[in-house]
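Protein chains: 2
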Amino acid sequence: MLVSALKFGHQLLAEVIVSGDTVVDATVGNGYDTLFLAKLVGKQGKVIGFDIQPQAIEITKQKLLEQHLSCQTRLYLKGHEKIQDVLTNEERIKGAVFNLGYLPKGDKQIITQGKTTITALSTLMDHLEKGGRIVMVIYYGHPGGEQEKETVLDFVKAIPQEEFNVLNYQFINQKNSPPILICIEKKLRKNNP
Amino acid sequence: MLVSALKFGHQLLAEVIVSGDTVVDATVGNGYDTLFLAKLVGKQGKVIGFDIQPQAIEITKQKLLEQHLSCQTRLYLKGHEKIQDVLTNEERIKGAVFNLGYLPKGDKQIITQGKTTITALSTLMDHLEKGGRIVMVIYYGHPGGEQEKETVLDFVKAIPQEEFNVLNYQFINQKNSPPILICIEKKLRKNNP
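From first to last, the protein sequence lines are chains D and X.
Per UniProt numbering, the first sequence starts with residue 1, numbered consecutively.
Per UniProt numbering, the second sequence starts with residue 1, numbered consecutively.
Excised from the complex, chain D in its bound form (with noise of 0.2 Å):
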């Protein structure tokens, strides 16, 4: 069967990080791509996570030490905007990931937005390897979710063809709003496609 845009997206990830390398999650949320993200990098690499609510940090944190993952981690308890202040200025990161929406069993009121989010991505587009991949997978049947959407997509879409390739991976037959795959790749070298 065709997989879904979750495991597409895990897919281009695994394609490009490997061991020693540095990536984000920038929605840490219920820990799930952190713990993905930690087992590819391995104990020489580094994961740097971001999320607004405590109890995403520590679900995340608790489940990282059963599974012996934690000494490649780090989690911060601030939003992805502030992604700049835990990089250092050389630092290069392989990949990145974002779920954008509300937090699964969380707050539903707690989401995403369309401005940090591209604050956030501007960053870790900045700081990206040639190569590596950024992956958003885009929830937007919440409110608030298709303006956040719509923002997003504006942003990437406008994103120098020279430099990035954009790509959109999507079920466009159901009803029920399934998420959308965006994957931002920094090209090799700079070209005209």
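Hints were generated in silico from the structure; no laboratory data involved.
Among these hints, one or two may not hold up.
The list cannot tell twin chains apart, which means a pair is met if one copy fits it or any two copies do.
In silico DSBU-like links for lysine-lysine, alpha-carbon gap of 30 Å or less [what the hints assert, rightly or not]:
id, residue 1, residue 2
1, Lys-63, Lys-108
2, Lys-175, Lys-130
3, Lys-187, Lys-175
4, Lys-82, Lys-175
5, Lys-190, Lys-175
6, Lys-187, Lys-7
7, Lys-61, Lys-46
8, Lys-186, Lys-7
9, Lys-175, Lys-7
10, Lys-175, Lys-78
11, Lys-157, Lys-175
12, Lys-7, Lys-190
13, Lys-7, Lys-157
14, Lys-39, Lys-78
15, Lys-46, Lys-105
16, Lys-130, Lys-7
17, Lys-61, Lys-105
What you are looking at is a predicted structure, and each value in this text was computed from that prediction instead of being measured.
Following the hints, put chain X in place on chain D, whose structure we already have.
Below, chain X alone, put in the same frame as chain D:
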């Protein structure tokens, strides 16, 4: 690097088509897909190909002969809206491919049309095996292309999700109308998603 729409379409077909299958090339054109399909189905399988341009059929027949792939191939000089005349009622297909637009290096005024494309697509969906896939690569930069694209997208977005998955794979930050990939997959069993 992220693979092109064309290459991703081939990957999706190669995941499900095996030796001995029956498949359809709805737009033979330069024969690129016909050869690809003939290799996948092998001597025990069958590729049924359609094109309205004699030069497309002739060039492709020659290529198939040279590569010893002609015995599993039947090419018809007719439009793909006539597929129903060729397939028997019971005949099942595992896959199909469309390249929508004009014949590369051919007459740019002879283009596929939304209405006949949808007739062909409907027939193929009726004959598609469970788990089978139809791949469409939509080129739309030429006169008339935008109109066909809209007609086809409107149709595929309305395909019932209980029976089919419809996937869209597309680069969205490029100015030169890169092709859009659509994959229609028949579910293994009817269900509510």
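Right, here's what the structure says about each hint:
1. Lys-63 / Lys-108: Classified as within; 23 Å inside a copy, 59 Å across copies.
2. Lys-175 / Lys-130: So Lys-175 and Lys-130 pass the 30 Å test across copies only (22 Å; inside, 37 Å).
3. Lys-187 / Lys-175: between (35 Å within a copy, 16 Å between copies)
4. Lys-82 / Lys-175: Close neither inside one copy (35 Å) nor across copies (32 Å); limit 30 Å.
5. Lys-190 / Lys-175: The answer is between: 16 Å across copies meets 30 Å, while 39 Å in one copy does not.
6. Lys-187 / Lys-7: both (23 Å within a copy, 18 Å between copies)
7. Lys-61 / Lys-46: within (15 Å within a copy, 55 Å between copies)
8. Lys-186 / Lys-7: both (21 Å within a copy, 19 Å between copies)
9. Lys-175 / Lys-7: Both: 20 Å inside a copy, 28 Å across copies.
10. Lys-175 / Lys-78: This pair counts as neither: shortest intra-copy Cα distance 34 Å, inter-copy 37 Å.
11. Lys-157 / Lys-175: both (24 Å within a copy, 10 Å between copies)
12. Lys-7 / Lys-190: Cα proximity of Lys-7 and Lys-190: in one copy and across copies (29 Å, 22 Å).
13. Lys-7 / Lys-157: Both: 23 Å inside a copy, 22 Å across copies.
14. Lys-39 / Lys-78: So Lys-39 and Lys-78 pass the 30 Å test inside one copy only (23 Å; across, 54 Å).
15. Lys-46 / Lys-105: Answer is within; shortest intra-copy Cα gap is 28 Å, inter-copy 51 Å.
16. Lys-130 / Lys-7: both (23 Å within a copy, 22 Å between copies)
17. Lys-61 / Lys-105: For Lys-61 and Lys-105, the Cα distance is within 30 Å only inside one copy (17 Å; across copies 59 Å).
When the structure is compared with the earlier hints, violations turn up for hints 4 and 10 and for no others.
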